[in-house]
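Engineer: Please build the complete structure, drawing on both the sequences and the hints.
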Amino acid sequence: MSANVMTMPQRERTWELPSRGHVAMFALIVAESAIFVIFVVAYLFYLGKSLTGPTPKQVLEAPIFYSICLLSSSITIHLAVKALRAGDIRTFRAWWFGTIALGAAFLYGTAHEWHRLIYKDGLTISTNLFGTTYYSLVGLHGFHVIVGLICLSTVMAFALLGDVQQQHTYRVDVLSLYWHFVDVVWVVVFTVVYIIGR
Amino acid sequence: MSTDSIALPGSYEASRPLVDRLHEWVTTVDHKRLGILYILFALFFLVVGGIEATIMRIQLIRPQNDFVSPEVFNRMFTMHGTTMIFFVAMPLVFGFANYLVPLMIGARDMAFPRLNAFSFWLSAFGGLLLYFSLVGANGLYGAGNAPDVGWFAYAPLTAQTFSRGHSTDFWTLAVLVSGFGSIGTAINILTTILCLRCPGMKLGKMPLLAWLNLVMAGLVLLAIGPLTAAQIMLSLDRYLGAHFFDTQAGGSAVIWMHFFWIFGHPEVYILVIPAFAVVSEIIPVFSRKAMFGYPIMVAATVAIGFLSMAVWAHHMFTVGMSSNANTFFVLSTMAIGVPTGIKIFNWLATMWGGKIHFQAPMLFCIAFLFQFLIAGLTGIMLSAAPFDWQLGNSYFVVAHFHYVIVGGILFALFGAFYYWFPKMTGRMYDETVGKLHFWLFVIGFHLTFDFMHVPGLLGMPRRIYTYEPGRGWDTWNLIVTIGVFFQGLSILIFVGNLLWSRVKGKHSGSDPWDAWTLEWTTSSPPPAYNFATIPTVKSRRPLWDLKHPEDPDWKYE
Numbered sequence: 000m001s002a003n004v005m006t007m008p009q010r011e012r013t014w015e016l017p018s019r020g021h022v023a024m025f026a027l028i029v030a031e032s033a034i035f036v037i038f039v040v041a042y043l044f045y046l047g048k049s050l051t052g053p054t055p056k057q058v059l060e061a062p063i064f065y066s067i068c069l070l071s072s073s074i075t076i077h078l079a080v081k082a083l084r085a086g087d088i089r090t091f092r093a094w095w096f097g098t099i100a101l102g103a104a105f106l107y108g109t110a111h112e113w114h115r116l117i118y119k120d121g122l123t124i125s126t127n128l129f130g131t132t133y134y135s136l137v138g139l140h141g142f143h144v145i146v147g148l149i150c151l152s153t154v155m156a157f158a159l160l161g162d163v164q165q166q167h168t169y170r171v172d173v174l175s176l177y178w179h180f181v182d183v184v185w186v187v188v189f190t191v192v193y194i195i196g197r
Numbered sequence: 000m001s002t003d004s005i006a007l008p009g010s011y012e013a014s015r016p017l018v019d020r021l022h023e024w025v026t027t028v029d030h031k032r033l034g035i036l037y038i039l040f041a042l043f044f045l046v047v048g049g050i051e052a053t054i055m056r057i058q059l060i061r062p063q064n065d066f067v068s069p070e071v072f073n074r075m076f077t078m079h080g081t082t083m084i085f086f087v088a089m090p091l092v093f094g095f096a097n098y099l100v101p102l103m104i105g106a107r108d109m110a111f112p113r114l115n116a117f118s119f120w121l122s123a124f125g126g127l128l129l130y131f132s133l134v135g136a137n138g139l140y141g142a143g144n145a146p147d148v149g150w151f152a153y154a155p156l157t158a159q160t161f162s163r164g165h166s167t168d169f170w171t172l173a174v175l176v177s178g179f180g181s182i183g184t185a186i187n188i189l190t191t192i193l194c195l196r197c198p199g200m201k202l203g204k205m206p207l208l209a210w211l212n213l214v215m216a217g218l219v220l221l222a223i224g225p226l227t228a229a230q231i232m233l234s235l236d237r238y239l240g241a242h243f244f245d246t247q248a249g250g251s252a253v254i255w256m257h258f259f260w261i262f263g264h265p266e267v268y269i270l271v272i273p274a275f276a277v278v279s280e281i282i283p284v285f286s287r288k289a290m291f292g293y294p295i296m297v298a299a300t301v302a303i304g305f306l307s308m309a310v311w312a313h314h315m316f317t318v319g320m321s322s323n324a325n326t327f328f329v330l331s332t333m334a335i336g337v338p339t340g341i342k343i344f345n346w347l348a349t350m351w352g353g354k355i356h357f358q359a360p361m362l363f364c365i366a367f368l369f370q371f372l373i374a375g376l377t378g379i380m381l382s383a384a385p386f387d388w389q390l391g392n393s394y395f396v397v398a399h400f401h402y403v404i405v406g407g408i409l410f411a412l413f414g415a416f417y418y419w420f421p422k423m424t425g426r427m428y429d430e431t432v433g434k435l436h437f438w439l440f441v442i443g444f445h446l447t448f449d450f451m452h453v454p455g456l457l458g459m460p461r462r463i464y465t466y467e468p469g470r471g472w473d474t475w476n477l478i479v480t481i482g483v484f485f486q487g488l489s490i491l492i493f494v495g496n497l498l499w500s501r502v503k504g505k506h507s508g509s510d511p512w513d514a515w516t517l518e519w520t521t522s523s524p525p526p527a528y529n530f531a532t533i534p535t536v537k538s539r540r541p542l543w544d545l546k547h548p549e550d551p552d553w554k555y556e
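Protein chains in written order, with numbering that gives the first Met the number 0: chain F, 0 to 197; chain A, 0 to 556.
Please note: incorrect hints may appear among the correct ones.
Said to hold, decoys possible - To give an idea of the chain A side of the interface with chain F (calculated C-beta under 10 angstroms), a few residues: (1) Ile182; (2) Leu193; (3) Cys194; (4) Leu220; (5) Gly224; (6) Pro225; (7) Asp236; (8) Leu239; (9) Ile254; (10) Ile261.
Said to hold, decoys possible - Below, in silico cross-link-like pairs of lysine to aspartate or glutamate (DMTMM-like), each with a Cα-Cα straight-line distance of 25 angstroms or less: (11) F:Lys81 with F:Glu15; (12) A:Lys537 with A:Asp108; (13) A:Lys288 with A:Asp108; (14) A:Lys434 with A:Asp513; (15) A:Lys554 with F:Glu15; (16) A:Lys505 with A:Asp429; (17) A:Lys201 with F:Glu15; (18) A:Lys505 with A:Asp550; (19) A:Lys537 with F:Glu112.
Just so you know, the hints here were simulated from the structure itself, not pulled from any lab data.
Heads up, the beta-carbon is just placed ideally off N, CA and C, and yes, glycines get one too.
Structural biologist: Written out as structure tokens, the structure is:
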């Protein structure tokens, strides 16, 4: 053997594991998805099986504007997290507030639609199978929007008190995953209720 | 409270007032204490559920018995099933996972200790809700007491029309609340295993117990959701007049069955995979050999996990599905036999040529192997749709699934109790009494559940509160009931052994079994922080490497 054999330096591999916040949020999303899948299946299974009216064709109108509100809130929350990661608290607050406003607008849209359905069209959860499946599926999603808004508002309150700093990006990022999930679910619900369902 | 007592060294624990110590247990977020709380909670309900089973068996000991009324009998089988699945089996599984997973992967606690405590108390509250129905469900019309709709609560029995009062609501809420607890714990276990392993412990170097609990947690996430959804729908039906399961308004009673069993069948694997996990730890240690076929074992578990999501409707052959659906569920159910068979051969191959120590944990695992095999074989019989049409809803089915749950899962968990009791308490259990428990339980189990197959084959349906004499069922039912008393006695011996050994048992030291996984490096019981320094591992048996530096495992893995 030659004298100038080089021993390759053993590269010290650091021990890296996935972040627990993200893993846990993904796990929660899987569990929530299973719940939504069952409600979606029930909706599709009972399509056209109502014994009495009103039918989806007669009373449903696609809430295009409010859907755009909710979906664009995914973009604003992404921009908010990006701003926080860069340490720009002022921009973060602005985008975060925008996200809450868009989510609230969506909720207003749902409330408005339900008010019309209940008082004008006489459709309640006990009217027929369409009412049963419609209110439970859209309601379950609305419930998730409400929970999301409560979480977002809590962060907003802390942000206004000056307690959200750059080092909290990780936590805010995990929360944003949940919000994205709520938006993706709406895409599915919208497709099922307002496109396939009519 | 006396303030003048002097805390002697070593008696600190005992010297503090009881209220303080209780307060510590109630507010704890330590995974070991929560694990023990889960286990004690389950043991309590094991006794309660066992008493309910005994009441049913006394009623059936002879034809036309009138020990309890038909209404009480219905409540007993509903409470027995719900209690045993949701408040015994699940908490036992979670309790052991909680206690062992962080210790075995070299972590100081679960990923989310407070979520852990929250999940436990949710489950405990669920159990309380279920039993509160005994006093609280006397709602409208004076009807109803404990739930009496069966543990799978088929529609339309659960509709307001047929289930007056609030007993079914208590059942729904209890299952719903404990389901949230289960999801919380599953998220915690999954995250702990993926994110908190000690340096060097790649996924392929984890103890099998961690691997199998990872699959279990994944299954909980997928399976509890449908149950939660179905319970929400049932509540909407009962409270808001929705029509999900209301056939009068076009709803479907069959879809409840689908939703329930989409949860219900994976649930069997949620319970049995942790039992597999326990067996996969105990058999190698008591055979003095490394686990045979570790990668195949992991692959078979993952395969079982996937397959278990696609077999639910084999509970519904007698409902009348299309022949395509029947064929699919027959084949998928039979397919599960393949990875399960692989596991059985792996355990046998681990024992083959080993130096087997026949102590209580190993005895329970050997009985598990034998009984789980028979349970699997009757399962294959029932998976054939024509056979199931003949015997569905008979005592043959009852015998089959008790063979799985008692003969398989409970036996493995008894093994786990004895194996980890020294770690949890620092004391050794009494081996002779442990063996007595084993043999009495084996006798009782086989008297009850072997002979229960026969009246099923002779046409005795499940859930009947009495039967006519002269159908050829009498003697079999008598034998079945006699077996129950052997089981009851052996459970009392088991609990007595644990209590006595907790106080008077010999000190066990940190590693009484000369075992190979990380929990045995800590003191018994382990300190609150588990490991003073986080260990680094190089193989699947880190303690073997430590004890045999001349021939470590990592050279071969």
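Engineer: Each hint should be assessed against the structure and marked as holding or not.
Structural biologist: Comparing the hints with the structure gives:
1. Ile182: Ile182 (chain A) check passes; min Cβ-Cβ to chain F is 5 angstroms, inside 10 angstroms.
2. Leu193: Given a least distance of 5 angstroms, the restraint on Leu193 (chain A) holds.
3. Cys194: Holds - the Cβ of Cys194 (chain A) comes within 10 angstroms of chain F, reaching about 4 angstroms at its closest.
4. Leu220: holds, 4 angstroms
5. Gly224: Gly224 (chain A) check passes; min Cβ-Cβ to chain F is 3 angstroms, inside 10 angstroms.
6. Pro225: holds, 5 angstroms
7. Asp236: holds, 8 angstroms
8. Leu239: holds, 5 angstroms
9. Ile254: holds, 6 angstroms
10. Ile261: Holds. Min distance 8 angstroms.
11. F:Lys81 with F:Glu15: Since the Cα atoms of Lys81 (chain F) and Glu15 (chain F) sit roughly 24 angstroms apart, the hinted pair holds (cutoff 25 angstroms).
12. A:Lys537 with A:Asp108: Judged against 25 angstroms, a Cα distance of about 21 angstroms means the pair holds.
13. A:Lys288 with A:Asp108: Between Lys288 (chain A) and Asp108 (chain A) the Cα gap is close to 29 angstroms, so the pair fails against 25 angstroms, i.e. violated.
14. A:Lys434 with A:Asp513: Since the Cα atoms of Lys434 (chain A) and Asp513 (chain A) sit roughly 20 angstroms apart, the hinted pair holds (cutoff 25 angstroms).
15. A:Lys554 with F:Glu15: Given that 25 angstroms is the threshold and the Cα spacing comes to 23 angstroms, the pair holds.
16. A:Lys505 with A:Asp429: holds, 9 angstroms
17. A:Lys201 with F:Glu15: holds, 10 angstroms
18. A:Lys505 with A:Asp550: Since the Cα atoms of Lys505 (chain A) and Asp550 (chain A) sit roughly 33 angstroms apart, the hinted pair is violated (cutoff 25 angstroms).
19. A:Lys537 with F:Glu112: Between Lys537 (chain A) and Glu112 (chain F) the Cα gap is close to 61 angstroms, so the pair fails against 25 angstroms, i.e. violated.
Comparing the model with each earlier hint shows violations of hints 13, 18, 19; every other hint is respected.
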